[in-house]
Amino acid sequence: MTTPSNPVSMTDMANAIRALSMDAVQQANSGHPGMPMGMADVATVLWSKHMKFDPAAPAWADRDRFVLSAGHGSMLLYSILHLAGFEDISMDELKNFRQLDSLTAGHPEYGHTPGVEATTGPLGQGISMSVGMALAERMMNARYGDDLVDHRTWVIASDGDLQEGISHEAISLAGHLGLNRLCVLWDDNEISIDGPTDLSESTDVLKRFDAAGWSVSRIDGHDPAAIDAALQAARSSDKPVLIACRTTIGFGAPTKAGTAGSHGAPLGPDEIAGTRKALGWSAAPFEIPAEIVDAWRATGSADAHQAWQDRLAGSDRADDFVAQISGEPGEAEIAALDAWRRKVAADKPVLATRAASGQTLAAIIGDWPSLAGGSADLAGSNLTKTPDVGIVKAGDYAGQYIHFGVREHGMAACANGMSLHGGFRPHVATFLVFADYCRPSMRLSSLMHQPVVYVMTHDSIGLGEDGPTHQPVETLASLRAIPNMHVFRPADALETAEAWDLALRRIDGPSVLALSRQKLPFLRTDDGSTNRSSLGAYILSDDAGAPDVVLVGTGSEVCLAVEAADSLRTKGRKVRVVSAPCLDLLLEQDESYLEELFPADIPVIACEAALRFGWDQVIGRKGGFVGMTGFGASAPAEQLYAHFGITAAAIVEQAEARLA
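In numbering that gives the first Met the number 0, the protein residues as written are 0 to 659.
Hints were generated in silico from the structure; no laboratory data involved. Some hints here could point you the wrong way.
Beta-carbon label-pair distances, calculated as ranges [to be verified]:
#  : residue 1 : residue 2 : range
1  : GLY398    : PRO598    : 48 to 56 Å
2  : ASP337    : ALA306    : 36 to 44 Å
3  : ASP346    : GLY379    : 21 to 29 Å
4  : GLN98     : THR254    : 25 to 33 Å
5  : GLY389    : GLU595    : 43 to 51 Å
6  : ALA331    : GLY263    : 34 to 42 Å
7  : GLU655    : GLY398    : 20 to 28 Å
8  : ALA345    : ASP318    : 28 to 36 Å
9  : LYS621    : ALA56     : 52 to 60 Å
10 : LEU198    : ARG657    : 54 to 62 Å
11 : GLU587    : ALA289    : 49 to 57 Å
12 : PHE285    : ALA56     : 24 to 32 Å
Beta carbons are placed, not taken as given, at the ideal position from N, Cα and C, and that holds for glycine.
Construct the complete structure from the given sequences, taking the supplied hints into account.
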C-alpha cells in the first residue's frame, strides 16, 4: 500500500489499532490489550484489502460479515470501526471504553454498536454463529444469484474459541456443508489466561480442521505480504478456510509481549511508554496522525455498495429480496397462519402436540420461503422435516431443511448466525431436556433479540420409558428464567398452531415450543379466528358468577384440569379452568388482566408435569401445585403420571383442601 503519494504503510495502520487499544484499556483500567495488539496486522490487511463494507451503511445486505469471535479483544474491532469511518464510533466512544451507556462495551454487542455483527464474548459462540452466517449467504445466493448475494464471512478466533466444544461441532458442520465463503483467522499466539497454551493443549489444530473438510494454512501474522497472499488464496478455495496466524500477543510491549501479562489487564504507563518507543509511535494517547486516518478512511467499498444498489433496483426479484431480508412476515405468510388456525379449529384433531407442530409446518412452509431449519438428528421424533421440502447440502443450498446431526450446541449457534445474517427465520429442534446443550446460544438469541424458534419435543415425564435422563422436570423453569424468551407449552393442536403463529410473528426475540410425545385431546370450542394464546393464558371454561376455585395448567396437564373441574362441579363447586400456554407472555400483561383470570382471594391450583419453581408468580405462595418434586423414572407414561400423583384426583384433593 506504500506509494510516493501515500507513504502510510500497513504497519503504520496496524500501529494505530495497537495505540488505540492499549490507550483505551489503560483509561478504562479494564480490558484485554494483548489480542488487538497481536492481531492488528492481520486485521489491517483484511479490512483494507479484502473486506467488503461501507461505513456509511453498516447494515448493507451484501456486505461481508466480520465476526470477532475472540470478543474479549473488542478494542481491535472498535479501533477499526473508528478508523474506517463508522460515524457513531467516535474518539469519545473509544475514550469511554467499557463505561456505562458507551457504544464500546467490554465485549461486542449486536444491536448496540453499529458494525458489530454478533454478540461475542462467550468463547466458541462467534465462530459457531459465523457458520450460520456463511450458510445463510449460500442459501440466499441459491435463491437470488450472484448479482444480489455474493459476500463472505470472516472470523478472528482465539485459542479459547477453538478449545470450546461448540466450535468442534460448528467446524464439522461447515466442512460437511462445503461453506467456502467462510474464512477463520486463528490468532495462534500460544498464550491463554493461565499461561502458555501447552499447559492444557497439544492438539494439532490444522489437522483437526483438515479432517473436518477445511483448507488450512499457517502464516506469519505480522507479515502483511504473507497475510495478503493467504487471504487471496482463501477467496478461491472450494472449502471453508482456516489460516493459522502465528502472532505475538501484546506485540511491541517491551516486557509483556508474548506473555499472559498482556492478555487481560492494562499494560500500565511504563509499559505503554516502552511500547510507543518500540513501535516508533510518537502520537499522544488517543491521537492518530492525519495521514494514517486518511489511509484508513480510503478503505471500504462505497462504490461496490452503489453498484449493488443499482443491480437491486434493476432486478425483477427486488421486491422478493427486500421482503425476505427484512425479516417481517408478509401478507401471504400471515394469511397462511390464519387459515391454518381456522382449519385446526374446524377439524379438532387429537394429536401429540409434536405431531400438531409438524402438521403446522407442513401447512405453512410453502408460503414461508424464509422459514428454514432442521433437527439434531431427530427428524422422526421432532417432526420438523416436512414432506417434499428440499434438503440443504454441499453445493445445493436451495432447500429449507438442514440435517444438523447430533450437534445441539452448534445447531443453536448456527441458527443465531442465520438469523443475524438476515433472510431466514430459523427453527431448530431436539428433545426439551437437551435444551441444556443449546442454552448458551438460546441465551444469546434472547440477548440479541433474534427470533429463532426452538422446537423442543418430549416435554415431560409423558415421554415415558426413556426415563429420568430424558425427562425435563426442571427445564421449563430454567428457560422461562431467560429474559426475552417466550416458552410455549400448548395444550392441544389449536394451541400448537397458535404458538407457531406467535413465534413467527415475533421479530424481537426467540420462542420455545415445548411439545408432547403423547396424544392430547382437543379442548377448544371456538373457530380459531382469534389467537387466544396471545396473552399467555385465557379462560378455557367457566361457570356463571365468581368462581370458587381456579384451576390452571399447561400442555398435557390442561386436560387433567378440565377433568378435575368436571368432578368439582358435580360437588356443587363453581370452577374456572385457565389454560396458560406461555407464562412469559402472561406475566407481561397488565395487573388487571391477571386479576381477571385469577381474582383476589380465590384459591388457585396449578398443574404441570414439571417442578413448581416459577409458578408462585401466578398462583402465590399459598396456591396449590400438582406436579413434580424431583426427577422422573422409567415406565410407560400413564404409570408415571399415577406414580407421581399428577392426576385429576390430586387436583381435586388440593382444591377441596383450600375450600374446606
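Hint check results:
{"no.": "1", "hint": "GLY398 to PRO598: 48 to 56 Å", "result": "holds, 51 Å"}
{"no.": "2", "hint": "ASP337 to ALA306: 36 to 44 Å", "result": "holds, 40 Å"}
{"no.": "3", "hint": "ASP346 to GLY379: 21 to 29 Å", "result": "holds, 23 Å"}
{"no.": "4", "hint": "GLN98 to THR254: 25 to 33 Å", "result": "holds, 28 Å"}
{"no.": "5", "hint": "GLY389 to GLU595: 43 to 51 Å", "result": "holds, 46 Å"}
{"no.": "6", "hint": "ALA331 to GLY263: 34 to 42 Å", "result": "violated, 51 Å"}
{"no.": "7", "hint": "GLU655 to GLY398: 20 to 28 Å", "result": "violated, 56 Å"}
{"no.": "8", "hint": "ALA345 to ASP318: 28 to 36 Å", "result": "holds, 34 Å"}
{"no.": "9", "hint": "LYS621 to ALA56: 52 to 60 Å", "result": "holds, 57 Å"}
{"no.": "10", "hint": "LEU198 to ARG657: 54 to 62 Å", "result": "holds, 60 Å"}
{"no.": "11", "hint": "GLU587 to ALA289: 49 to 57 Å", "result": "holds, 52 Å"}
{"no.": "12", "hint": "PHE285 to ALA56: 24 to 32 Å", "result": "holds, 27 Å"}
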